Structures are given as C-alpha cells and as structure tokens.
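Asks: What follows is each chain in one-letter form.
There are 4 protein chains.
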Amino acid sequence: MEVGFVGLGSMGAAMAANLLKAGHRVRVWNRSIAKAEALERDGARRAGSPAEAAAAGVVITMLADDAAVSGIVHGTDGILAGLGGGLHVSMSTIGTELSDRLAAEHQAAGSRYLAAPVFGRPAAAAAAKLFVVAAGREADIDAAQPLFDALGQRTFRVGTRPSAANIVKLCGNFMIMAAIETMAEAATLAAKAGVDEREMLGMLTGTLFDSPIYRTYSELILDERYRPAGFAAPLGLKDARLVGQAAEAVRAPMPVLGVIRDRLLATIAQEGEDVDWVAMALAARRSAGLK
Amino acid sequence: MEVGFVGLGSMGAAMAANLLKAGHRVRVWNRSIAKAEALERDGARRAGSPAEAAAAGVVITMLADDAAVSGIVHGTDGILAGLGGGLHVSMSTIGTELSDRLAAEHQAAGSRYLAAPVFGRPAAAAAAKLFVVAAGREADIDAAQPLFDALGQRTFRVGTRPSAANIVKLCGNFMIMAAIETMAEAATLAAKAGVDEREMLGMLTGTLFDSPIYRTYSELILDERYRPAGFAAPLGLKDARLVGQAAEAVRAPMPVLGVIRDRLLATIAQEGEDVDWVAMALAARRSAGLK
Amino acid sequence: MEVGFVGLGSMGAAMAANLLKAGHRVRVWNRSIAKAEALERDGARRAGSPAEAAAAGVVITMLADDAAVSGIVHGTDGILAGLGGGLHVSMSTIGTELSDRLAAEHQAAGSRYLAAPVFGRPAAAAAAKLFVVAAGREADIDAAQPLFDALGQRTFRVGTRPSAANIVKLCGNFMIMAAIETMAEAATLAAKAGVDEREMLGMLTGTLFDSPIYRTYSELILDERYRPAGFAAPLGLKDARLVGQAAEAVRAPMPVLGVIRDRLLATIAQEGEDVDWVAMALAARRSAGLK
Amino acid sequence: MEVGFVGLGSMGAAMAANLLKAGHRVRVWNRSIAKAEALERDGARRAGSPAEAAAAGVVITMLADDAAVSGIVHGTDGILAGLGGGLHVSMSTIGTELSDRLAAEHQAAGSRYLAAPVFGRPAAAAAAKLFVVAAGREADIDAAQPLFDALGQRTFRVGTRPSAANIVKLCGNFMIMAAIETMAEAATLAAKAGVDEREMLGMLTGTLFDSPIYRTYSELILDERYRPAGFAAPLGLKDARLVGQAAEAVRAPMPVLGVIRDRLLATIAQEGEDVDWVAMALAARRSAGLK
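As they're listed, the protein sequences go chains A, B, C and D. In terms of my numbering, the first sequence is residues 1 to 291. In terms of my numbering, the second sequence is residues 1 to 291. In terms of my numbering, the third sequence is residues 1 to 291. In terms of my numbering, the fourth sequence is residues 1 to 291.
These aren't lab readings, by the way, just hints derived from the structure by calculation. What you are looking at is a predicted structure, and each value in this text was computed from that prediction instead of being measured. Check the hints yourself; a few may be wrong.
[Claimed, not checked] Listed below are the simulated BS3-like cross-link pairs for lysine-lysine, each with C-alpha atoms no more than 25 Å apart in a straight line:
1) K238/B with K192/C
2) K192/C with K129/C
3) K238/C with K192/D
4) K238/B with K238/D
5) K238/C with K238/A
6) K291/A with K291/D
7) K192/A with K238/D
8) K21/D with K192/D
9) K129/B with K192/B
10) K129/D with K35/D
11) K192/A with K35/B
12) K21/A with K35/A
13) K21/A with K129/A
14) K238/A with K192/B
15) K192/A with K129/A
16) K238/D with K192/C
17) K238/A with K192/D
18) K21/B with K129/B
19) K291/B with K291/C
20) K35/B with K21/B
21) K129/C with K35/C
22) K192/A with K35/A
23) K291/D with K192/D
24) K21/D with K35/D
25) K192/C with K21/C
26) K192/B with K238/C
27) K291/B with K192/B
Kindly produce the complete structure, drawing on both the sequences and the hints.
Replies: See the structure below:
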C-alpha cells in the first residue's frame with residue numbers, strides 16, 4: 001500500500017526500509033535531507049513536506065520526542081494539513097497527554113489517529129523483529145496491520161483509546177530501567193562483598209530472570225558498554241519524565257521511578273550526555289566508592 | 001549417603017523427603033516433633049537433638065532465620081557439639097555476617113561448613129526443581145553434590161568463601177522483590193490511566209520480560225492472591241533487612257531496597273502479618289487511592 | 001508611584017491593597033472582574049486589560065502558575081504589548097525556564113524584567129510581612145524597592161539573573177515540603193511506638209528546630225488542619241514539579257524531592273484535590289496503617 | 001549527691017566534669033584508664049569497675065552504642081551486679097529494643113532504670129547546655145533531676161516508659177539528618193543553576209528556617225567542614241540504623257530515612273570512615289557531578 005513515513009533516525013530509517021522490502025510504496029520525509037535521499041535509492045519517493053507525505057492517505061511518524069512530533073503535525077505544511085480523511089500512525093515514544101491531544105485534533109479535522117509505539121532497539125528494527133503495541137479504532141488498526149506485519153514480529157492491541165498504547169510503552173520502558181537499576185545495585189553489592197558479579201548475574205539471568213531484557217542488559221552492564229550509546233541516557237531521562245507526567249496526571253505514586261530519575265541525572269551529570277543508559281550501573285558503582 | 005536434616009518447615013520437609021526418595025539415609029530433627037514423625041513413616045530416622053542429627057557426618061540445616069540457625073548450631077546438643085570433623089551444609093536464607101561467623105566457628109572446631117541456599121518455592125522443593133547456590137571448599141561441595149542432585153535441578157558454585165552464596169541468594173531475593181514492586185507500580189499506573197492491567201502485563205511478560213519470576217508474579221499480582229501466603233510479607237521484610245545489613249557492612253547504597261523496605265512495612269501495617277509478599281501490589285494500589 | 005497589578009487571588013488582592021495603603025496609585029486587572037471591583041472601592045483604578053495595567057510603566061504579576069503568567073504576558077492585549085520601556089516585576093512562583101524566557105522576551109522588546117517571588121501565606125501578605133526575593137538588574141530592583149517595602153518586611157537580592165530568585169523560591173518551598181514530610185514520618189513513628197506526638201514535636205520545635213516553618217507546620221500537623229486548604233496539595237505538587245524541572249535542566253539528583261512528589265500524589269489520590277499540603281502527614285499515617 | 005559515671009568520651013568527660021563542678025561526688029569508670037585519671041585530678045573518685053561505679057546508688061552511662069552499653073551493664077562486674085536497689089540513668093543514644101530490655105532486666109533485679117538521652121554536641125555538653133529528654137517513673141526522674149540540672153539547660157519529660165525517650169532522641173537525630181540532606185540537595189541545585197549557595201541558605205536560615213540546627217548545619221555545609229569530624233558519619237549511620245530498627249519494629253515506613261541511609265553509605269564509601277556526617281553534602285554534590 002501507499003504510505004508516508006516521517007522521521008528517519010536509526011529506528012525510522014530501518015523501519016521505512018522494511019516497508020519498501022515488503023512491497024509498500026513509501027513517501028519519506030526527514031528534517032535533514034540526506035537520510036531521505038538514501039532511502040530514495042532504495043525505491044522510496046521523497047516528499048517535500050510532512051503534509052506531502054501524509055497525502056499518501058496513511059502516514060507513520062517515528063520521531064525523537066513530543067516536540068518533534070508536535071512540530072511535524074501542526075503548521076501549514078504539517079500532517080494535519082495534508083492528511084485529509086487519512087490515517088496517522090504515531091509510532092514514536094511520546095507522552096499520553098500529547099497522544100490524547102493528537103487524537104482530539106485528528107477527530108476535529110476529520111482524519112484518523114492510531115498510537116502504535118514499538119519495543120526493540122535499532123537491530124530489532126532492522127530485522128523486522130519489533131513488538132508493536134497498537135491502540136485506537138479496530139478498523140484503523142486493521143488497516144495498518146499490513147504495515148505492522150512488515151515492521152515487527154507481533155502486534156498487541158491494547159484498547160481503543162490511542163494513549164493506552166503509549167501507557168504500555170512507557171510502562172515497558174519504566175520496567176526496563178527498573179531492571180537495569182536493580183541489577184546495578186545487586187552487582188555493586190556483590191562486587192563490594194567480593195562476589196564475582198558475572199557469576200552471580202549469569203546464575204540469576206540464566207534461571208529465575210531468564211528473559212531478553214535481563215540477558216541483554218546484564219551483558220551490557222558486565223561488559224561496561226557505555227559508549228557509543230545504543231540508547232542514550234538523556235533519552236531514558238526523557239522517558240522517565242513522560243512516565244512521571246502520566247503518573248502525575250492520574251495521581252499515581254511511583255517510588256522506583258524516583259530512584260531511576262535520580263540515577264539517570266547522576267549518570268548524565270557525572271559521565272556526560274552521550275553515554276548509554278546502561279551507564280546507570282556505572283553511577284551506581286561510583287556511589288558506592290568503586291572505580 | 002548418611003545425612004542429618006534439621007528444620008522441617010514447608011521447604012525442609014519436602015527436601016528431606018526427596019533425599020529419602022533418592023536413597024539417602026536421613027536423620028531428621030525438628031523443634032516440633034510431629035513433622036519429624038511424619039518423615040519417620042517415609043523411612044527417616046528421628047534424631048533426639050541437632051547434635052545427634054549432625055553425628056551422621058553431614059548435616060543440612062533449613063531454618064527460618066538467623067536466630068533459628070544460631071540456636072540449632074550452638075549449645076551442648078547443638079550441631080557444633082555433634083559434628084566432629086563432619087560437614088555442615090547451611091541451606092537457609094541467612095545473613096552474611098552469621099554465615100561468616102559460622103565458617104569461623106566450624107574451622108575453629110575442626111569441622112567443615114558450606115553455604116548452599118536455594119531458589120524456589122515449596123512446590124519447586126517438592127518437585128526437586130530447586131536451584132542450589134553453593135560456596136565453600138571445592139572438596140566439600142563435591143561431597144555434598146549427591147545431596148544437591150537429589151534436591152534441585154542445578155547447582156551453581158559461586159566461590160570458596162561460604163558467605164558468597166548467601167550474597168547471591170540475598171541479591172536474588174532483592175531482585176524478585178524489585179520485580180514485584182516494579183510491576184505493582186506499572187500496573188497501578190495502568191489501572192488509573194484506564195489501561196487493562198492484564199493485557200499490559202501479559203504483553204510485557206510474554207515478550208521482553210518472559211522469565212519465570214515475571215510470569216509467576218504478574219499472575220499472582222493480577223489474581224490478587226494475597227492469602228494464604230506462599231511466602232509471607234514478614235519473611236520478605238526479613239530478607240530485605242539481611243540485604244540491608246550486607247549492604248551496610250560493605251558501604252553500598254541501594255535505593256531500590258529502601259523502596260522495597262518501606263513498601264513491605266506499609267503492606268504489613270495495612271494488611272497484617274499474614275499476607276503474601278505479593279500484597280506489596282495491594283499497598284501500591286492503596287497508595288494511589290485505589291480500592 | 002504608579003503601578004499595574006495583575007492577579008488578585010488571595011495573595012495578590014492583599015498585596016495590591018497594601019500598595020494602595022502605602023500611597024501608590026494602582027491599576028488592577030484580574031480575569032474575574034469581581035475582585036478588581038472590590039479593590040476599586042479601596043481606590044484602585046481598574047484596567048481593561050493586562051496591557052493597560054502595564055501601561056503604568058511598572059507592572060506586578062501575581063498568578064497561580066506558569067500558564068497563567070504566560071497567558072497574561074503574551075497576546076495583543078498582554079503585558080509585553082503595553083509595557084513599552086517599562087518594568088515587569090514577576091512575583092508569582094514560576095519555573096526557571098519560563099523566567100529565563102520572559103527575561104529574553106522583555107529584552108528583545110525593549111522592556112525590563114525582574115523576578116521577585118515572595119515567601120509567606122495570605123495572612124503574611126495581608127500584614128505586609130512577606131519576604132521578597134529579588135533578582136535582576138540592580139537599577140531595576142532599586143526602582144521596585146518602594147513597592148517591595150510596601151509588601152514585605154524584608155527584601156533579599158540574590159543576583160542579576162532573574163531566574164536566580166525563582167530558584168531560591170523553589171528551593172525554599174522544597175525545604176518546607178521536606179520539613180513537613182520529615183515531621184510526618186517522625187510523628188508517625190512516635191505514634192506507633194506509643195510516644196505522645198505533641199510532646200515530641202513540641203520538644204523538638206521548641207529547641208533545635210525552633211523556627212517559623214517548624215513551629216507553624218508542626219501545629220498544623222498535630223491539629224490535623226487539612227481543610228479548608230491554606231495552600232492546597234496540588235499547588236505543592238506544582239511546586240515539586242517546578243523544582244524537578246529545574247533539577248532536571250541542570251542535571252541535579254534530588255532524592256528527597258522524589259519522596260515528596262510521591263507523598264503528594266498519594267495525598268491527593270487518597271484525600272482529594274482540595275486538601276492542604278499538610279495532609280502529607282495524613283498520608284504518612286495511613287501508609288503506616290494508622291486511622 | 002553521690003553518683004557513678006561510666007563512659008568518658010568527648011561527651012561523657014564534659015558531663016562528668018560538670019557534675020563535679022555542681023558539687024556532686026562522682027565515681028568515674030572508663031574502659032581506657034587515662035580519661036578517668038584526668039577527672040580524678042578534678043576531684044572524681046576512680047571506680048575499679050562499672051559495678052563499683054554503680055554502687056554509688058545512682059549511675060549514669062554515656063557510651064557509644066548498644067554493644068558498649070550492654071557490655072557495661074552485664075557480667076559479674078557490670079552495673080546490674082553492683083547497683084542493688086539503685087538507679088541506672090542511661091543517657092547514651094541507644095535503640096528502643098535494648099532500652100526496653102534494660103528496663104525489664106532492672107525490674108527483675110530490683111533496681112531502677114531511666115532513659116535520659118541528650119541533644120547537643122560536645123561544646124554544648126561542656127557548657128552544660130544540653131537538652132535532656134527523660135522517660136521513666138516520675139519519682140526516678142525527680143531523683144535524677146539535680147544531675148540533669150548540672151548537665152543541661154532544660155529537661156523534657158516524655159512519659160513513663162523509658163524507651164519513649166529513646167524514640168524522641170532517635171526522631172530528633174533523624175530530623176537533623178533530614179535537614180542536612182535537604183539543605184545539601186537545595187544547595188546542589190542552586191550551585192548547578194549558578195545561584196550563590198551562601199546567599200540562598202543565608203536567606204532561608206535567617207528567616208523561615210531560623211533555628212539552631214539549620215543555622216549550624218548550613219554553616220558547616222557552606223564551609224565544607226568535613227574533617228576532623230565533630231560527629232562522624234558512621235555514628236550517623238548507626239543512628240539511622242537504630243531509627244530503622246524502631247520503625248521496622250512498629251511497622252512504620254519512613255522513606256526519607258531510606259534516602260539518608262543511602263546518602264550516608266555513599267558518603268562513607270567515597271570519603272572514608274572519618275568524615276563528619278555533614279559530608280553528606282559533599283556526596284550530594286558529587287552525585288550531581290560537582291567537584
């Protein structure tokens with residue numbers, strides 16, 4: 001099918017490429033033109049504006065944060081201006097407040113809106129192994145399903161209110177950060193007590209905690225792979241802020257979130273803006289006087 | 001082989017039974033006599049004191065806490081008195097300080113000491129599916145290995161200092177409690193935001209967090225199985241205290257532990273001493289005004 | 001002198017009245033007209049818009065939050081439109097980001113900007129006993145000093161960058177909330193341990209902690225004066241959010257802030273949006289199973 | 001009156017000297033003899049054991065921790081052995097559990113027991129400006145009052161159960177540590193935001209927080225007086241542990257205590273065992289990447 005794609009970062013570029021591979025016709029737009037040109041060579045058509053990308057009738061957005069999404073949706077050459085009665089599939093990790101607002105604006109404009117954020121790092125995006133979490137009108141999800149099938153290994157439908165998908169995505173990222181923090185604290189205790197951290201985490205992530213997140217992140221912690229960042233600490237902080245905003249909006253205390261937020265701030269303050277969020281483990285070690 | 005077994009609670013009774021099934025000769029001792037008599041019917045020999053159980057040459061202890069273990073080891077009819085040059089295999093979840101002290105006392109007395117705590121709830125003990133984490137002299141672990149094989153699905157050796165095994169066990173329990181707390185916070189946010197908790201946790205524990213702990217405890221949280229307790233909240237609090245003592249001894253800050261400790265205190269204060277530690281999720285819900 | 005005054009809530013109305021009493025000519029503006037009319041009877045002149053109030057040459061704003069201040073400054077009849085080369089004295093508790101932005105906008109427009117938030121509850125405002133914390137160009141503070149003298153008992157100058165005053169105000173409110181939380185935790189421990197809370201807090205706030213904040217808030221806690229709110233919990237939460245934003249902007253972890261934030265969320269979730277922030281103490285008691 | 005005094009550290013020596021100055025006859029005992037000899041020159045009589053000191057009929061203990069107090073009370077030459085029907089005035093900062101146990105042991109032995117911990121650093125002890133917090137039987141407090149009058153500026157009676165005084169003392173120390181942590185966080189935010197910390201804390205501790213604790217500790221924080229320790233961080237950690245034990249015993253969550261505990265652990269881990277607890281502020285700064 002014909003689809004617009006806005007936002008060609010490390011995630012978006014891989015996703016747009018997979019849409020092309022699956023036979024879809026893709027109109028790409030990106031703020032910096034070089035990435036769009038690269039995809040043009042793979043068969044994409046380059047759109048002159050977000051509005052022109054949206055004129056395809058279905059448009060996917062995959063951008064860094066709330067401000068970027070809002071910037072691309074509004075304005076005279078924005079998505080709302082070009083979409084007509086079409087469908088906006090918002091796959092970025094954004095806040096629930098913005099997601100609710102976009103839903104209302106699309107409804108007012110006669111267009112349609114789905115939230116469909118994804119789980120997976122760039123390698124999973126390239127391998128079309130993402131998990132897609134979709135929420136919105138059933139018919140709209142059905143319409144987008146062929147696209148999701150080209151991008152991920154599985155789609156989860158979590159309700160008809162689009163921001164429900166954003167909540168699930170934010171909770172997932174919260175749980176990942178909580179797992180990193182937890183392993184970091186346990187590894188620090190072990191190290192200071194003279195216990196081999198690799199043996200301990202190996203034992204635990206090979207049995208009780210034998211899941212992708214624990215296996216992946218225990219390896220990253222033990223190998224101290226802080227740079228270059230696969231997912232930079234400030235992006236984790238952004239997610240922590242979005243979780244906090246959602247929690248504040250509904251009046252839900254989340255004390256582990258407070259710990260994560262402070263750890264990320266310490267990590268960035270001590271190590272710089274460019275480290276991977278896994279460096280939370282380094283900040284935990286430093287707090288205990290190690291290194 | 002001939003082995004003494006001291007402590008026949010829900011874990012210990014199942015373990016002693018498995019030793020019998022595997023063909024070992026077991027001398028059992030328990031503070032209240034009824035449980036020892038039950039195992040006698042399965043072929044165990046009933047010892048008149050911990051010392052008499054220890055006279056088997058190898059003795060396993062599986063007791064509720066530091067005080068119980070200390071009480072059974074010391075005194076005129078205690079394990080130290082009866083063990084001679086034999087081997088004490090301490091499988092209880094105890095603190096590192098006591099474990100280090102027992103190691104020193106055994107050495108002074110000419111006897112031997114292993115720490116070999118286990119992961120698994122009573123059902124896993126009954127099914128001989130425990131994970132055994134052993135630390136101590138290699139030759140002593142070799143000697144005990146046939147017993148571990150009868151009790152668990154796998155043994156992990158984590159060093160020669162016995163208390164290393166206690167650290168690993170305590171870190172594991174810390175990580176379990178952190179996982180419960182994390183899921184409780186995420187589920188509370190979801191519930192207040194109108195998102196189906198079961199769908200969300202099902203999605204996350206079926207993919208990124210697809211591990212025994214997350215699957216088991218997300219089910220318990222969603223089903224609100226607070227009573228009768230499989231593992232009572234005060235036992236979790238005891239473990240949290242032992243982790244805290246170990247962390248304090250080596251000067252390691254653990255902020256998530258602080259969150260867990262307070263959540264367990266709130267849980268017990270609000271719900272009583274008899275709830276399962278999974279009721280941490282109930283206290284999280286109440287803190288957000290739910291129920 | 002001639003001065004505009006925008007924002008006639010319980011703080012602002014009392015402040016504007018004091019300016020009149022001190023002999024200044026005051027042009028008042030308020031979103032709902034009734035409050036402006038009341039001051040008209042005391043000799044104020046009613047302005048038709050914020051711009052008209054600003055045309056006095058000096059204009060004070062005293063509003064509830066960032067959005068209210070921003071709304072009153074911008075737009076065709078906003079303060080920027082009417083101020084010319086005049087001076088905007090921003091006395092509301094707002095975030096540092098907005099304060100920095102207002103400073104830049106005023107500079108670009110050829111007008112001048114001071115931040116001068118105040119400490120004190122409505123009774124202190126009525127008694128002209130506020131503490132004023134001012135930051136900005138020295139000459140501008142000198143110009144506004146006669147107004148500050150009419151409003152407060154003392155003015156503190158904390159630098160030339162206006163947002164420095166907002167930082168001081170936010171830190172002060174953070175410290176007040178930390179004091180409430182601390183006393184709430186201590187009182188809860190005392191109550192559960194069978195110690196008379198009033199005797200304990202009386203002893204401590206009469207000696208080591210003998211300061212206005214501790215005396216005032218220990219009384220409010222002990223008397224359980226939760227309603228009507230002198231300062232509503234959601235306003236405290238707003239301040240906690242502004243502190244958090246400032247901390248996030250400069251990468252400063254603040255773990256006590258996390259505790260405060262969660263306590264306020266629990267307070268509001270359990271007790272409603274209308275309780276005083278002192279009800280943090282009630283939420284602390286409930287978390288310990290009291291009441 | 002005749003009184004025994006056990007424990008001549010920096011606090012105890014100053015207190016015993018004040019008893020002598022006030023005309024009381026004092027029998028001193030200390031583990032290391034030199035300090036007792038010094039007081040002998042001021043007119044004290046040196047006792048050969050805690051029992052001999054207790055034989056005076058009233059004995060004050062002023063020791064570092066629970067273990068030291070327990071060690072001096074028990075045994076063949078301990079206080080219980082020598083006190084007869086006399087009165088033990090326990091002025092050390094100890095835990096509520098030990099205090100309750102001592103009360104029971106004294107009752108069983110036919111002797112009497114008061115808890116009367118004090119607030120004040122060594123300089124206040126030397127100036128007889130301590131605050132005494134006493135709990136126990138009214139008649140016993142009356143009997144000890146002349147001694148308290150020689151030691152402090154004021155005595156507060158907080159109930160008939162001795163451990164009530166220990167709770168008040170522990171809550172006071174908790175509140176002091178919370179004030180240090182709070183000021184440390186605020187000062188760190190200010191410093192990173194380019195605001196003068198001294199101006200800010202000066203403003204706040206000169207107005208809203210104008211109390212001895214805030215004035216004293218803000219000065220110590222700003223002057224970075226970390227060594228030599230007036231009150232060493234590990235002693236603060238001991239107090240935090242005692243507060244935690246009391247809170248755990250009565251099931252009272254105290255999240256700010258968790259923050260304090262972790263900050264003290266980080267402080268000691270990073271700076272060593274010999275720093276003043278005011279170095280919590282240094283650890284806060286480091287966590288934010290300062291220095």
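Asks: For which of the previously enumerated hints does the structure constitute a violation, in increasing order of number?
Replies: Of the numbered hints, 2, 8, 9, 11, 15, 22 and 25 do not hold.
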